[in-house]
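K.L.:
I would like the entire structure built from these sequences, with the hints used as guidance.
2 protein chains.
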Amino acid sequence: MKMHLDCPECFVRQAIRTGQLLRCPNSVLWDLVKGCGTILSQIEHEFSPPQNAVALYDMISLKVGKEDPFYQLKKESTQQALALYPRLKEKIKNSADPLDTALRLAACGNVVDYGVSSDFDLMKEVEEVFNADFFHYEYEEFAEKLHQVDWILYIGDNCGESVFDRMLIEELGIPVKYAVRGGPIINDVTKEDAVDAGIDQVAEIVSTGCRAPGIVFDWCSDEFKALYDSAPMIISKGQGNFETLSDEKREIFFIFKIKCKVVASFLDSPLNSMFFGRTKTVALDPNGS
Amino acid sequence: MKMHLDCPECFVRQAIRTGQLLRCPNSVLWDLVKGCGTILSQIEHEFSPPQNAVALYDMISLKVGKEDPFYQLKKESTQQALALYPRLKEKIKNSADPLDTALRLAACGNVVDYGVSSDFDLMKEVEEVFNADFFHYEYEEFAEKLHQVDWILYIGDNCGESVFDRMLIEELGIPVKYAVRGGPIINDVTKEDAVDAGIDQVAEIVSTGCRAPGIVFDWCSDEFKALYDSAPMIISKGQGNFETLSDEKREIFFIFKIKCKVVASFLDSPLNSMFFGRTKTVALDPNGS
Chain W
426 MKMHLDCPEC FVRQAIRTGQ LLRCPNSVLW DLVKGCGTIL SQIEHEFSPP
476 QNAVALYDMI SLKVGKEDPF YQLKKESTQQ ALALYPRLKE KIKNSADPLD
526 TALRLAACGN VVDYGVSSDF DLMKEVEEVF NADFFHYEYE EFAEKLHQVD
576 WILYIGDNCG ESVFDRMLIE ELGIPVKYAV RGGPIINDVT KEDAVDAGID
626 QVAEIVSTGC RAPGIVFDWC SDEFKALYDS APMIISKGQG NFETLSDEKR
676 EIFFIFKIKC KVVASFLDSP LNSMFFGRTK TVALDPNGS
Chain G
426 MKMHLDCPEC FVRQAIRTGQ LLRCPNSVLW DLVKGCGTIL SQIEHEFSPP
476 QNAVALYDMI SLKVGKEDPF YQLKKESTQQ ALALYPRLKE KIKNSADPLD
526 TALRLAACGN VVDYGVSSDF DLMKEVEEVF NADFFHYEYE EFAEKLHQVD
576 WILYIGDNCG ESVFDRMLIE ELGIPVKYAV RGGPIINDVT KEDAVDAGID
626 QVAEIVSTGC RAPGIVFDWC SDEFKALYDS APMIISKGQG NFETLSDEKR
676 EIFFIFKIKC KVVASFLDSP LNSMFFGRTK TVALDPNGS
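So the protein lines, in turn, are chains W and G.
The C-terminal residue of the first sequence carries number 714 in my numbering, and the numbering is unbroken.
The C-terminal residue of the second sequence carries number 714 in my numbering, and the numbering is unbroken.
FYI, nobody ran anything at the bench for these hints, they're computed from the structure.
Model, not experiment: these values are computed from the prediction.
Be careful, since some hints might not be right.
To be verified - Listed next, the in silico BS3-like pairs over lysine-lysine satisfying Cα-Cα at most 27 Å (straight line):
#1 W:K459 / G:K500
#2 W:K684 / G:K686
#3 W:K427 / G:K459
#4 G:K705 / G:K427
#5 G:K549 / W:K459
#6 G:K518 / W:K686
#7 W:K514 / W:K427
#8 G:K616 / G:K686
#9 G:K602 / W:K686
#10 W:K684 / G:K682
#11 G:K570 / G:K650
#12 G:K518 / G:K459
#13 G:K684 / G:K427
#14 G:K650 / G:K674
#15 G:K686 / G:K459
#16 W:K427 / W:K650
#17 G:K518 / W:K684
#18 G:K682 / G:K650
#19 G:K459 / W:K459
#20 G:K516 / G:K602
#21 G:K518 / G:K682
#22 G:K686 / W:K459
#23 W:K686 / G:K459
#24 W:K616 / W:K514
#25 G:K514 / G:K616
#26 G:K602 / G:K500
P.N.:
Written out as structure tokens, the structure reads:
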């Protein structure tokens with residue numbers, strides 16, 4: 426999907442919130458506003474939001490003086506999620522349908538706030554999200570497809586969430602190639618982060634070859650594009666990957682929380698609802714993008 | 426009050442909404458986004474929002490190719506409000522306290538949406554707003570002051586609203602100087618608009634000497650500043666005037682609807698509530714600006 430007219434103001438909010446998250450002084454926050462202005466003055470509205478977000482987060486890195494501003498937060502998210510790993514594995518093992526449980530948990534991983542204070546709070550949040558209804562849930566189609574293929578390309582999203590991805594991968598029962606960003610951007614999972622989450626123990630980690638917080642084919646490596654084309658089945662996590670893959674003709678199983686009005690309208694689904702399925706099976710709003 | 430970190434995203438929204446209001450094609454809307462980017466890249470965060478808004482609306486005029494993009498809308502708002510004039514005058518005349526009724530109606534004038542389809546709908550909206558509670562209403566203090574002075578400086582705000590201002594002026598019983606913007610900006614009242622509303626029949630129309638949608642003393646004429654300094658009593662209509670006069674030491678009676686979170690927080694009052702009174706009498710949030 427292309428940029429929507431609601432996206433520019435969200436870019437401004439993201440720049441300021443990132444600065445606030447990093448406890449930047451007011452002068453730097455206004456510097457981020459100005460930097461965001463320069464980004465907007467050159468915005469490519471034919472690009473997808475994650476494609477434009479690369480310039481935005483490059484600017485943020487420059488203004489806050491950190492190449493990977495989310496480095497520490499990413500490490501902490503992964504550690505927080507890993508602390509829950511034994512309990513969540515138990516939950517999957519004891520469930521009537523471990524694959525279904527692992528899928529729902531993988532969606533939870535995209536939602537929970539790793540900034541909460543304790544394991545107890547995080548586990549409570551996971552349980553709450555786990556019990557939430559999915560607006561869209563294509564489990565049967567997914568399970569059927571899974572039996573027909575011999576490997577899966579699994580496109581990762583954020584840190585912390587990747588621990589939940591690992592648990593799903595452990596239930597898939599076939600080889601998985603886990604795609605990570607080619608370099609640090611926001612809290613997205615890189616190779617180092619995926620190894621932190623233990624993904625290397627259950628899948629082959631591959632890079633998209635670019636830093637975009639989504640799959641921007643123009644910027645991906647030839648190696649990744651070949652992998653994508655040859656993959657018999659694809660799982661895509663998170664909204665950033667969805668925003669860049671929503672117009673793809675091939676079948677992709679998306680798992681994510683609908684976090685903004687633009688995507689909610691595009692999918693004709695409620696804001697904040699959970700989505701698991703292929704876009705082809707939902708009515709798309711042609712004016713949504 | 427100075428710019429708040431919530432203001433930049435509102436600037437982006439205002440630029441796009443103005444373009445949409447003027448039925449601009451998508452290409453122009455994205456041009457407005459880019460233009461707004463340039464404005465944000467040079468934003469003066471020590472300025473008040475209305476002071477920065479001048480550059481924003483200059484950019485909008487340039488991009489949409491109209492020196493006064495709201496010209497037609499302003500004319501229509503004034504005509505719509507004038508159509509209600511006889512009924513509202515009757516309402517004031519038949520009320521137990523005509524001054525109180527005229528004050529409440531003047532506040533209504535700042536709120537109603539002149540884009541509604543008929544006089545009937547507009548009158549219905551006026552009645553609804555009229556019956557709404559004010560969060561702050563300093564009627565007694567206002568009436569007392571009114572008896573002590575021999576003229577009033579009344580700072581106008583928007584078109585349409587100015588017809589309601591005229592009805593309040595007709596109840597004040599003393600000479601009024603009605604301040605208008607020095608040139609067209611947004612839907613703010615200019616001399617031509619004030620004459621359209623019949624203000625010239627009840628008050629002396631004076632210009633602030635600048636186009637800002639508020640009172641920016643650095644840019645006002647010496648004549649207006651002298652008038653402001655000598656005024657024994659001031660009524661200020663609308664949020665734009667409030668945003669630029671909120672830090673003034675002198676007594677000003679503000680009448681407006683609190684239309685954004687930033688001002689609501691500054692005044693420690695609910696969003697969308699009606700305000701009539703002096704700032705000195707409300708607890709101000711020192712971190713609100």
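K.L.:
For every hint, state whether the structure bears it out.
P.N.:
To see whether the hints hold, each was checked on the structure:
no., hint, result
1, W:K459 / G:K500, "violated (36 Å)"
2, W:K684 / G:K686, "holds (22 Å)"
3, W:K427 / G:K459, "holds (16 Å)"
4, G:K705 / G:K427, "holds (18 Å)"
5, G:K549 / W:K459, "violated (44 Å)"
6, G:K518 / W:K686, "violated (48 Å)"
7, W:K514 / W:K427, "violated (38 Å)"
8, G:K616 / G:K686, "violated (31 Å)"
9, G:K602 / W:K686, "violated (47 Å)"
10, W:K684 / G:K682, "violated (31 Å)"
11, G:K570 / G:K650, "holds (22 Å)"
12, G:K518 / G:K459, "violated (51 Å)"
13, G:K684 / G:K427, "holds (16 Å)"
14, G:K650 / G:K674, "holds (15 Å)"
15, G:K686 / G:K459, "holds (25 Å)"
16, W:K427 / W:K650, "holds (20 Å)"
17, G:K518 / W:K684, "violated (53 Å)"
18, G:K682 / G:K650, "holds (26 Å)"
19, G:K459 / W:K459, "holds (13 Å)"
20, G:K516 / G:K602, "holds (25 Å)"
21, G:K518 / G:K682, "holds (25 Å)"
22, G:K686 / W:K459, "holds (22 Å)"
23, W:K686 / G:K459, "holds (22 Å)"
24, W:K616 / W:K514, "holds (23 Å)"
25, G:K514 / G:K616, "holds (23 Å)"
26, G:K602 / G:K500, "holds (22 Å)"
Consistency note: the structure conflicts with the earlier hints numbered 1, 5, 6, 7, 8, 9, 10, 12, 17.
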